[in-house]
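Protein sequence lines, in the order shown, are assigned to chains A and B.
The first sequence begins at 1 in the UniProt record's numbering and counts up by one.
The second sequence begins at 1 in the UniProt record's numbering and counts up by one.
If you're looking for bench data, these hints aren't it; they were derived computationally from the structure.
Only a predicted model underlies this, so the values are computations on that prediction, with no experimental measurement involved.
From the three backbone atoms N, C-alpha and C, an ideal C-beta is built for every residue, glycine too.
Please note that a few of the clues may not be correct.
As the list claims (entries may be wrong) - The following label-pair restraints were derived from C-beta to C-beta distances:
id : chain 1 : residue 1 : chain 2 : residue 2 : range
1  : B       : Arg-41    : A       : Gly-236   : 31 to 37 Å
2  : B       : Gly-45    : A       : Ala-374   : 27 to 33 Å
3  : A       : Ile-149   : B       : Thr-301   : 34 to 40 Å
4  : A       : Gly-169   : B       : Val-128   : 56 to 62 Å
5  : B       : Leu-308   : A       : Ile-149   : 41 to 47 Å
Residue strings, one per chain:
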Amino acid sequence: MSKGDTAPRRSASKAASKRVGSTPEPEYVQLLTPDGERVEHPDYSVDFSDEELRGLYRDLVTVRALDAEATALQRQGELGIWASLLGQEAAQVGSGRALRTQDMAFPTYREHGVLYCRGIDPIMPLSLFRGVDQGGWDPIAHKFNMYTIVIGAQTLHATGYAMGIKLDGKVGTDDGEAVIAYFGDGATSQGDVNEAFIWASVYNSPLVFFCQNNQYAISEPVERQMRIPLYQRASGFGFPGVRVDGNDVLACYAVTRAALDAARLGQGPTLIEAYTYRMGAHTTSDDPTRYRDTAELESWKAKDPISRVKALLEREGLADEAFFAEVAVDARAQANHLRERVLSMPDPQPASMFDHVYAESSPLVEAQRAQFQAYAASFEGGH
Amino acid sequence: MGTETLTLGKAINTGLRRAMERDDKVILMGEDIGKLGGVFRITDGLQKDFGDDRVIDTPLAEAGIVGTAIGLALRGYRPVCEIQFDGFVYPAYDQIVCQVAKMRYRSLGKVSLPMVIRIPFGGGIGAVEHHSESPEAYFAHTAGLKVVACSNPEDAHFMIQQAIAGDDPVIFFEPKRRYWEKGQVDVTAELESAYPLHKSRLVRSGSDATLVAYGPMVRTAMDAASAAAEEGRELEVIDLRSISPLDMEPIFESVRKTGRLVVVHEAPSNVGMGAEIAARVSEECFYSLEAPVLRVTGYDTPYPASRLEEEFLPDLDRVLDAVDRSFGW
Ligand SMILES: Cc1ncc(C[n+]2csc(CCOP(=O)(O)OP(=O)(O)O)c2C)c(N)n1
Chain A
1 MSKGDTAPRR SASKAASKRV GSTPEPEYVQ LLTPDGERVE HPDYSVDFSD
51 EELRGLYRDL VTVRALDAEA TALQRQGELG IWASLLGQEA AQVGSGRALR
101 TQDMAFPTYR EHGVLYCRGI DPIMPLSLFR GVDQGGWDPI AHKFNMYTIV
151 IGAQTLHATG YAMGIKLDGK VGTDDGEAVI AYFGDGATSQ GDVNEAFIWA
201 SVYNSPLVFF CQNNQYAISE PVERQMRIPL YQRASGFGFP GVRVDGNDVL
251 ACYAVTRAAL DAARLGQGPT LIEAYTYRMG AHTTSDDPTR YRDTAELESW
301 KAKDPISRVK ALLEREGLAD EAFFAEVAVD ARAQANHLRE RVLSMPDPQP
351 ASMFDHVYAE SSPLVEAQRA QFQAYAASFE GGH
Chain B
1 MGTETLTLGK AINTGLRRAM ERDDKVILMG EDIGKLGGVF RITDGLQKDF
51 GDDRVIDTPL AEAGIVGTAI GLALRGYRPV CEIQFDGFVY PAYDQIVCQV
101 AKMRYRSLGK VSLPMVIRIP FGGGIGAVEH HSESPEAYFA HTAGLKVVAC
151 SNPEDAHFMI QQAIAGDDPV IFFEPKRRYW EKGQVDVTAE LESAYPLHKS
201 RLVRSGSDAT LVAYGPMVRT AMDAASAAAE EGRELEVIDL RSISPLDMEP
251 IFESVRKTGR LVVVHEAPSN VGMGAEIAAR VSEECFYSLE APVLRVTGYD
301 TPYPASRLEE EFLPDLDRVL DAVDRSFGW
């Protein structure tokens, strides 16, 4: 993936902060319109090759297909719950592809698209939602931390990790490291997130706060979390905030890449508000028809993150029907493969619940493990 | 031998210094711990010698202190957080019980959080509210955390180093009313030769009844044992040292010998450590017991105004009274 141009950083927030309050079409950084037309922005641009543009399209389609498969698996009782990313593919693939290998990401429970971009086997989060384990990928090896369910907690972990990068002297150079912390609009009400803002600012940490404003925290609209546009919060903490069209993968990439580069060069944190929409339910346990209407949903459908990249590829003659068909077939194949693997996922060994509580063993846990094993063995066919 | 007479506070300070010299990944973080050396001066002089990258004055936010320490630990550091007072650990409680305690489990052992959270705890210093609490049971109840309390300078010096050197997160309780009490510490002894962190310790032998205490109450229990000896009763005293995991074997052994057990702590009795110890002793030593296990604890009220703390806190007389009741059974 090529590197987007690094913009002079503070101007974007200035440009974006001309208007305050909620407006029907909020001002944000956009490089690709819903119709698939490329637009210029004074501060941000990308220079993708044709192949890379097709690659982004493939990512978006694949991530959506895997997500849809997981939703279906939940409906069929194979997963306990699923948190779908439908509608947020561009925000996740754009920011995820902007990360360099050495960068570290701290996700919530919905960042399946970023996980995919980090090269982690997409089966991984399904074991969490199936209840087999609580994740299981190696967070340090993949530079992608475990999912965090408690809202906002991971922003502090990201901040501490970023402080560590600085202590290690890994900032200020082009091959420096940076951190990205993902969270939702609801999370911005949490104390932890506000403490993370303070810490990151005070220690000038190499950190990008990436908020996907998908307009709802379960049923509560964004107006229940704040009175000013979210990205403007950053100025109160002393670092820049930028709002980007979260359904525009090119803009998400460009803005995130610029913020990460600024961070790795020692210029401190940035808050990115990716203005997007959660098209599905919050999780499969949710009933969004109770709190939002069809007209709203329809208006966002017109801004779909995938169809606009498709329109771009068609408009500029970068892909033909054969390509789109091949991508669709490949995504379906990956989804089918995912399904097979979920269905054949073994249940964990019961006594494994006693594993990994401590690094050094604990007499209490070991005594209970022994008791449990003796008890289980007392049944025929016991473990 | 480099034995010195140190206060408990200074013994921790020296232990922190040795841990920082041993491993440059050890960093301290907390409110006022730099120039000031902490409100109890436990980190006195450390920022001067190790720099403000290793002794970090943080913003005033406890969730932030613990939450960022998690990130630093993920990055390969060994953060030692200071919570200024027991009553201010609650804003960080979520980070401790939901994140610190569970990261290893959640990651199937792929992630270690070698971090220590130091908390000056307990009463007896005449402070205003939120400055005298004993919250150990909250943490002992959470799997994934190790919880310890030191009671004397020698232990304090080595236990803090052991807590830092281990790969598990440790909640490290320091008995603030004992910070100024002095004892002999061999400051040059190797860490490997130190008494194991998670073992309880027999601190006085006796045959008539057993007292179990930890942290600030060990001194009180010892004083009670001396007073009892004058009256012809020999009390055995065990310093728990580790609150989680509990080292119960020495307690069982002692109870099998004495037949009587009194557990002493400052924290309220309801669902406290005394309840846990009593339950386990009744499971293991039922036929050895001459009397029910008794508890001498703080009352089940919020910590009272300081002019009442002498009534609230277990003292020598309340301990002796419980011993009498045990014999009266
Ligand atoms: C501290 C905490 N409180 C409540 C919940 C329950 N909960 C789970 S997701 C959620 C809404 C989160 O909204 P937002 O931060 O906007 O993220 P989104 O899921 O929309 O991406 C809530 C209330 C939680 N997980 N953590």
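Hint by hint, here is what the structure shows:
| no. | hint | in the structure |
| --- | --- | --- |
| 1 | Arg-41/B - Gly-236/A: 31 to 37 Å | 35 Å, holds |
| 2 | Gly-45/B - Ala-374/A: 27 to 33 Å | 54 Å, violated |
| 3 | Ile-149/A - Thr-301/B: 34 to 40 Å | 35 Å, holds |
| 4 | Gly-169/A - Val-128/B: 56 to 62 Å | 43 Å, violated |
| 5 | Leu-308/B - Ile-149/A: 41 to 47 Å | 42 Å, holds |
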